[in-house]
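Number of protein chains: 2
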Amino acid sequence: MSEDTVMQLPKVDPSEKSMDEIVALCKRRGFVYPASEIYGGINGFWDYGPLGALLKNNIRDHWWKRMVECPPIGPDGDPLQIVGLDSSIIQNPRTWEASGHVAGFNDPMSTCKQCKKLLRADHVLSMLHSAPWVTAVNETSPGTDGADNDTISAFAGSNRARKVAPGLVDALKENPSHVAIVANAAQRVAAGDQSETFVAACPHCGGELTEPRAFNLMFESHAGAIKDEANKVYLRPETAQGIFLNYKNVVDTMRVKVPFGVAQIGKAFRNEVTPRNFIFRSREFEQMEMEWFCHPDEAAKWYEFWKNERMDWWKSLGIDEANLRFRDHDDDELAHYSKMCVDVEYRYPFTGGNFGELEGIAHRGCFDLTQHQEHSGKDQSYFDQELQVRMQNEGKSKEEIKEASRYIPNVIEPASGLTRAVLVLLCEAFTPTPDRSGSKYVLSFKPKFAPIKAGIFPLVAKDGMPEVAQKLYYDLREKFTCEYDVKQSIGRRYARMDEIGTPYCFTIDGDTLTDQTVTVRERDTASQQRINISQVEAFLRENIG
Amino acid sequence: MSEDTVMQLPKVDPSEKSMDEIVALCKRRGFVYPASEIYGGINGFWDYGPLGALLKNNIRDHWWKRMVECPPIGPDGDPLQIVGLDSSIIQNPRTWEASGHVAGFNDPMSTCKQCKKLLRADHVLSMLHSAPWVTAVNETSPGTDGADNDTISAFAGSNRARKVAPGLVDALKENPSHVAIVANAAQRVAAGDQSETFVAACPHCGGELTEPRAFNLMFESHAGAIKDEANKVYLRPETAQGIFLNYKNVVDTMRVKVPFGVAQIGKAFRNEVTPRNFIFRSREFEQMEMEWFCHPDEAAKWYEFWKNERMDWWKSLGIDEANLRFRDHDDDELAHYSKMCVDVEYRYPFTGGNFGELEGIAHRGCFDLTQHQEHSGKDQSYFDQELQVRMQNEGKSKEEIKEASRYIPNVIEPASGLTRAVLVLLCEAFTPTPDRSGSKYVLSFKPKFAPIKAGIFPLVAKDGMPEVAQKLYYDLREKFTCEYDVKQSIGRRYARMDEIGTPYCFTIDGDTLTDQTVTVRERDTASQQRINISQVEAFLRENIG
Numbered sequence: 059m060s061e062d063t064v065m066q067l068p069k070v071d072p073s074e075k076s077m078d079e080i081v082a083l084c085k086r087r088g089f090v091y092p093a094s095e096i097y098g099g100i101n102g103f104w105d106y107g108p109l110g111a112l113l114k115n116n117i118r119d120h121w122w123k124r125m126v127e128c129p130p131i132g133p134d135g136d137p138l139q140i141v142g143l144d145s146s147i148i149q150n151p152r153t154w155e156a157s158g159h160v161a162g163f164n165d166p167m168s169t170c171k172q173c174k175k176l177l178r179a180d181h182v183l184s185m186l187h188s189a190p191w192v193t194a195v196n197e198t199s200p201g202t203d204g205a206d207n208d209t210i211s212a213f214a215g216s217n218r219a220r221k222v223a224p225g226l227v228d229a230l231k232e233n234p235s236h237v238a239i240v241a242n243a244a245q246r247v248a249a250g251d252q253s254e255t256f257v258a259a260c261p262h263c264g265g266e267l268t269e270p271r272a273f274n275l276m277f278e279s280h281a282g283a284i285k286d287e288a289n290k291v292y293l294r295p296e297t298a299q300g301i302f303l304n305y306k307n308v309v310d311t312m313r314v315k316v317p318f319g320v321a322q323i324g325k326a327f328r329n330e331v332t333p334r335n336f337i338f339r340s341r342e343f344e345q346m347e348m349e350w351f352c353h354p355d356e357a358a359k360w361y362e363f364w365k366n367e368r369m370d371w372w373k374s375l376g377i378d379e380a381n382l383r384f385r386d387h388d389d390d391e392l393a394h395y396s397k398m399c400v401d402v403e404y405r406y407p408f409t410g411g412n413f414g415e416l417e418g419i420a421h422r423g424c425f426d427l428t429q430h431q432e433h434s435g436k437d438q439s440y441f442d443q444e445l446q447v448r449m450q451n452e453g454k455s456k457e458e459i460k461e462a463s464r465y466i467p468n469v470i471e472p473a474s475g476l477t478r479a480v481l482v483l484l485c486e487a488f489t490p491t492p493d494r495s496g497s498k499y500v501l502s503f504k505p506k507f508a509p510i511k512a513g514i515f516p517l518v519a520k521d522g523m524p525e526v527a528q529k530l531y532y533d534l535r536e537k538f539t540c541e542y543d544v545k546q547s548i549g550r551r552y553a554r555m556d557e558i559g560t561p562y563c564f565t566i567d568g569d570t571l572t573d574q575t576v577t578v579r580e581r582d583t584a585s586q587q588r589i590n591i592s593q594v595e596a597f598l599r600e601n602i603g
Numbered sequence: 059m060s061e062d063t064v065m066q067l068p069k070v071d072p073s074e075k076s077m078d079e080i081v082a083l084c085k086r087r088g089f090v091y092p093a094s095e096i097y098g099g100i101n102g103f104w105d106y107g108p109l110g111a112l113l114k115n116n117i118r119d120h121w122w123k124r125m126v127e128c129p130p131i132g133p134d135g136d137p138l139q140i141v142g143l144d145s146s147i148i149q150n151p152r153t154w155e156a157s158g159h160v161a162g163f164n165d166p167m168s169t170c171k172q173c174k175k176l177l178r179a180d181h182v183l184s185m186l187h188s189a190p191w192v193t194a195v196n197e198t199s200p201g202t203d204g205a206d207n208d209t210i211s212a213f214a215g216s217n218r219a220r221k222v223a224p225g226l227v228d229a230l231k232e233n234p235s236h237v238a239i240v241a242n243a244a245q246r247v248a249a250g251d252q253s254e255t256f257v258a259a260c261p262h263c264g265g266e267l268t269e270p271r272a273f274n275l276m277f278e279s280h281a282g283a284i285k286d287e288a289n290k291v292y293l294r295p296e297t298a299q300g301i302f303l304n305y306k307n308v309v310d311t312m313r314v315k316v317p318f319g320v321a322q323i324g325k326a327f328r329n330e331v332t333p334r335n336f337i338f339r340s341r342e343f344e345q346m347e348m349e350w351f352c353h354p355d356e357a358a359k360w361y362e363f364w365k366n367e368r369m370d371w372w373k374s375l376g377i378d379e380a381n382l383r384f385r386d387h388d389d390d391e392l393a394h395y396s397k398m399c400v401d402v403e404y405r406y407p408f409t410g411g412n413f414g415e416l417e418g419i420a421h422r423g424c425f426d427l428t429q430h431q432e433h434s435g436k437d438q439s440y441f442d443q444e445l446q447v448r449m450q451n452e453g454k455s456k457e458e459i460k461e462a463s464r465y466i467p468n469v470i471e472p473a474s475g476l477t478r479a480v481l482v483l484l485c486e487a488f489t490p491t492p493d494r495s496g497s498k499y500v501l502s503f504k505p506k507f508a509p510i511k512a513g514i515f516p517l518v519a520k521d522g523m524p525e526v527a528q529k530l531y532y533d534l535r536e537k538f539t540c541e542y543d544v545k546q547s548i549g550r551r552y553a554r555m556d557e558i559g560t561p562y563c564f565t566i567d568g569d570t571l572t573d574q575t576v577t578v579r580e581r582d583t584a585s586q587q588r589i590n591i592s593q594v595e596a597f598l599r600e601n602i603g
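Chains as they are written, first to last, in our numbering: chain A, 59 to 603; chain B, 59 to 603.
It is worth saying that the hints were derived from the structure and are not from the lab.
Residues from chain A that keep clear of chain B, each with C-beta distances beyond 12 Å, as calculated:
1) Asp-206
2) Phe-384
3) Asp-390
4) Ala-393
5) Met-449
Cβ pair distances, simulated, as ranges:
6) A/Asp-310 / B/Gly-568: 30 to 40 Å
7) B/Asp-370 / A/Gly-410: 50 to 60 Å
8) A/Leu-392 / B/Lys-285: 29 to 39 Å
9) B/Glu-536 / A/Gln-587: 24 to 34 Å
10) B/Glu-362 / A/Asp-310: 44 to 54 Å
11) A/Asp-78 / B/Ser-253: 55 to 65 Å
12) A/Ser-73 / B/Asp-370: 49 to 59 Å
13) A/Glu-287 / B/Lys-537: 47 to 57 Å
14) B/Lys-285 / A/Ala-161: 15 to 25 Å
15) A/Ser-188 / B/Glu-391: 49 to 59 Å
16) B/Glu-362 / A/Tyr-532: 22 to 32 Å
17) B/Gln-252 / A/Leu-392: 50 to 60 Å
18) A/Asp-310 / B/Gly-603: 31 to 41 Å
A virtual CB, placed ideally from N, CA and C, is assigned to each residue, including glycine.
Based on the provided sequences and hints, a complete structural model is requested.
Below, the structure written as structure tokens:
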């Protein structure tokens, strides 16, 4: 390797990465397109382009392999039993009554009385931080504590207010006491309050927001010809319930014994009031969920096991440890079904250096199976034959054994978003490279997850080079996703590969024709070395894994 | 290989396979469960169990590999350019106005005036063939031509009619001329008429059906908080439109030139009035579609190319050629967007020896892109630089070149159902084996598509055999989906593997401990041979591919 050409890829802190640039690169390079873009888009929906689909498949396959095909080794040294599943998005609607989603899966929502926009009440304060009118009103304030009532009243009479906060002007006319709400908003922003506290000031226009009311997040539809209550169905808001519905089927038809897991990957839908942050919170997304059914006495042990296992998995994607952490849920933020929950968090560029949710590992107790047992009238208990034998050997009484050996399992659930994992790998890999002559950005994916593993280029489109390159492409493409490209200068071809995250390029030049060597060009360092063309496959196998 | 133990797997004609047995085996062995079974199910929805999910993934990956990662070699010897995509299920609703689905994606539907059941008008006659009341009324008929008016009137007065055809009895009271309709039904059934002709007699109760009316097959929902017309959205009835929406994005961001393809796999939804034949016609299903964009003058050539390519692909799944055929669509059955269409058909067990639809290869012309151009106002034309250069070299005039080098591409679309492919592989593999001592059925999948590639069994759970078997399992599981099983007699373990279609089992016994050989037991022949344990991986690699 010629040392003089080796660059170091700069290490950029997530807080210094620009979401706008990431979104633009994703569009420009075929990772993520806004859905229905030719019709002006549709809020909360995204399409995965050619490279985004490959990246997503790589993550999907890695999760499935580590869950279903090669499950982790358990604490006793044996491999865990986990089977896969692919259940329907639409299920019998009683599913969602039992799960609590019909009654309880709500977001607090508020409407602006002036501009009529709908908002998530718990997102208002964070939106006020970037609202131009808040900036404007605080700029007219003499101190740094944020505007007070008088400052706001004065501001409301200005031309600037008419422009940036028309709702504020109108609201004050209709209800002079709105001034106190606005002052509260301005002062909380000045103090850096990033909490979910509801403040009744519209981030868009400064108008007055209604009291929050509950809004169910499930998409509704009708199955069958008549659009009536009897035919109402829901698009699943989580894949998990499809697993609970089939728990008994799996126990009866597969040779699994508690503890065991059922894993599935699939789409879920949530009618978010304010979809935001690119593909972080969209209305249609893809989940990877596993339900681990275990004896209630062992649930705490398995909760710890899965917590660590899942963190290891995220690290295996090549994410810097410094950008990952655990956060235990406080009691008051636990979902209705949850006894304990911990989030794996990531430092997204849009959280300003703070951590945000990536995966939740929840101790769901026996909530879901018990609910389905009650609502369906179908016994969901498990008969633990091994426990029975053990207790018999221990000389326990028949009654004791009978009572203990039949139970409803507890559930530990590692639940993550596949589409959110795509976002994290894109954010983590995104590296501006202003000092490179070719590419403005490098996507430094861990090679295993790169959409394209190798670029194969004839230096020029003549002298027999294309034929040699194409033969190499044919030999490799069955084993690695690779791309053959003959057009443009070699520098521009490398630059494009940097921007889509291809770890290695192999260039066939004049020397190849005489000594059978090719140039290997590495993405992160832009370094080049020559190897024999017969070793390219072994090189990739070693470096990609 | 000891010849005396080799059995021949009987070759069973599809028409002799029982769908009821196939459905039961699928449930019992974890391939397909009815969705929401504990709540009494939900009509038209199915869940893929642990083995069904693996089988489906194997087919999915094979299609994706042959389309996106290693596209076929084209007629000129170069590999085709095809990129992948994963677009949203919910798109801007104007998509479906442009595509014609809002106005034209309808099924003819009829209601029974007596029992109120809803039916697909074009399915009525085929349902009458298995209606108990038709059998009953024809049994009372003196000849073999089916009942006439008098026979039916006599039948209607019987106790049997009250039981099996209460609707017929009531309908005749209300409208005596219904007798002619019923006679028509009975006679068509007697004559074996399997057409889609509408006959206004209810297959369930013999009552009178209403005139068919159009029923739109798209599931509707609302995105956003307000359930009004402005927020109405649809679940996609085909994945194809997501590709057309992104055609321009792909051209602009990927280095593709016409001709090129965009392929995607994903769920689609059709609110079928009468879902039927297991997973053949369900309301939620999975498609594999590829849109091939080409010059209008070359569309006919590519239509032929894809027709042959797709038939080869189906054969590569291990389907007997005798059970596959092409069927060209007549002009009057072409969809509104289609200029030519050919179906790949399969002899399903439920079609009584006849062929039924498996995949459609359609010449869609420039219909979709033109519609989207008109509805979105966004130019969907393609500038063909290579054509321009060629025409310049040919000395064509500037005007001629300008006119010819910008055009809206034509589209050839091979569109198949992934879930339907699962059904075909299950039907094809399903083989009753009444003469075997162990398994009642064998699923003789081509090894590459079997959900589990190898069973690894210690003969008994002692004497160090489990340890040797588990080590083999660990060595293999990274490369092949395999299962370790130590419970039950070896015969029962083999039988279970036969029923789930596992092509090879490796048994570790006493000899293994001394001479390092294991027994390889083959599924279809039940033959056994011994090989060295170190050769198991190579054996699988050779036999599975």
